[in-house]
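Peer 1: Sequence:
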Amino acid sequence: MSRFVNKLFSLSEKTAIVTGCSRGIGAEIATAYKKAGANVVCLSRSAEPSNGDIRDCYRQCDITDREQFASICSQTIEDYGCLDILVNAAGITLPIDDSVDKYESFSSTIKVNLLATYQCIEEAAACMIDGGSIINVSSIGSFQGFPGNPGYVASKGGIHMLSKSLALDLGEQNIRVNNLVPGYIKTDMTIRSYNDPELHRERLERMIIKRWGRVEDLVGAAIFLASDASSYVTGSDLVVDGGWTAKGL
21 MSRFVNKLFS LSEKTAIVTG CSRGIGAEIA TAYKKAGANV VCLSRSAEPS
71 NGDIRDCYRQ CDITDREQFA SICSQTIEDY GCLDILVNAA GITLPIDDSV
121 DKYESFSSTI KVNLLATYQC IEEAAACMID GGSIINVSSI GSFQGFPGNP
171 GYVASKGGIH MLSKSLALDL GEQNIRVNNL VPGYIKTDMT IRSYNDPELH
221 RERLERMIIK RWGRVEDLVG AAIFLASDAS SYVTGSDLVV DGGWTAKGL
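So the sequence shown is numbered by the working numbering: it starts at 21 and just counts up by one.
Hints are computed from structural coordinates only; laboratory data are not their basis.
There's no promise every hint is true.
Under the rule of at most 25 angstroms between Cα atoms (straight-line distance), these lysine-lysine pairs were calculated in the BS3-like manner [said to hold, decoys possible]: (1) 267 - 206; (2) 230 - 267; (3) 230 - 206; (4) 54 - 267; (5) 27 - 54; (6) 206 - 55; (7) 184 - 131; (8) 230 - 184.
If you anchor each label on the Cβ, the simulated ranges turn out as follows [claimed, not checked]: (9) 167 - 32: 40 to 46 angstroms; (10) 268 - 219: 20 to 26 angstroms; (11) 115 - 149: 38 to 44 angstroms.
Note that the coordinates shown come from a computational prediction; the quantities given were computed from them, not determined experimentally.
In this text, a Cβ means the ideal position worked out from N, Cα and C, and glycines have one as well.
Could you build the full structure based on these sequences and the hints that come with them?
Peer 2: Laid out in structure tokens, this is it:
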């Protein structure tokens, strides 16, 4: 049984590009893929990954620059002979307040979270000669409205439907496209509400599983979507939110 399961979820001989790898969700997924046997290319705009296990496969890349990312894809093919997996984990959040221009904030968020994701998919898909798996890290904000951050919610809502649209467009190339949908995961992006006692408690009350998520909670889902275990899954949303979106009263 163990050998069967290991083979089903193995990423051996597969090659993955993971964006947003300096820390948080991207770094955790990249580390897990490496442990599962994949060749991993870890991308970040500036900082090297905080996890030492993936520093040797780090490459600097601004994903909003299409030519930079296309060059990474070409180099990946040259180095490993294939590209099988793309994880779009890079993203920003720029909440609206009186100190920022709300239109500039909205535009910047859409550029990084949605437009760059689309560009990365198009460039990577062109290199997935034998098919592959594209995983877009979305958010429960793609299903529900949240206050004070319209750019983030709109960008994640866009990713939600982009994945479904491209699942159709890329299906003939044997490329699957799915959303990995985290709830409230403790990362640098959510640390303010995590550390605020009132905000922390408010969010906890919405969860069926009474704890905040950890980045490692996403690993199983990310490996499933990248592996042959999900070979019949595309255009879908795999939600990892502690029951947030399932809860009514």
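Peer 1: Now tell me if each hint is right for this structure.
Peer 2: A quick look at each hint next to the structure:
Taken as a hint, the residue 267 and residue 206 pair is honoured in the structure, with Cα atoms around 20 angstroms apart against an allowance of 25 angstroms. The suggested pairing of residue 230 with residue 267 holds, with an alpha-carbon distance near 12 angstroms, which does not exceed 25 angstroms. For the hint pairing residue 230 with residue 206, the CA-to-CA distance comes to about 14 angstroms; that is within 25 angstroms, so the pair holds. For a cut-off of 25 angstroms, the pair hint linking residue 54 to residue 267 is broken: about 35 angstroms separates their Cα positions.
With a C-alpha separation of about 15 angstroms, the suggested pair residue 27 and residue 54 falls inside the 25 angstroms cut-off, and the hint holds. Between residue 206 and residue 55 the alpha-carbon distance is near 22 angstroms, which keeps this suggested pair within the 25 angstroms criterion. For the given pair, residue 184 sits about 20 angstroms from residue 131 by alpha-carbon distance, which is consistent with the 25 angstroms threshold. Of the pairs offered as hints, the one joining residue 230 and residue 184 is violated, with about 31 angstroms between alpha carbons and a cut-off of 25 angstroms exceeded.
Separation of residue 167 from residue 32 is about 45 angstroms and conforms to the stated range, judged on CB atoms against 40 to 46 angstroms. As the Cβ distance of residue 268 to residue 219 is approximately 22 angstroms, the hint placing it in 20 to 26 angstroms holds. The beta-carbon spacing between residue 115 and residue 149, approximately 41 angstroms, falls within the hinted interval of 38 to 44 angstroms.
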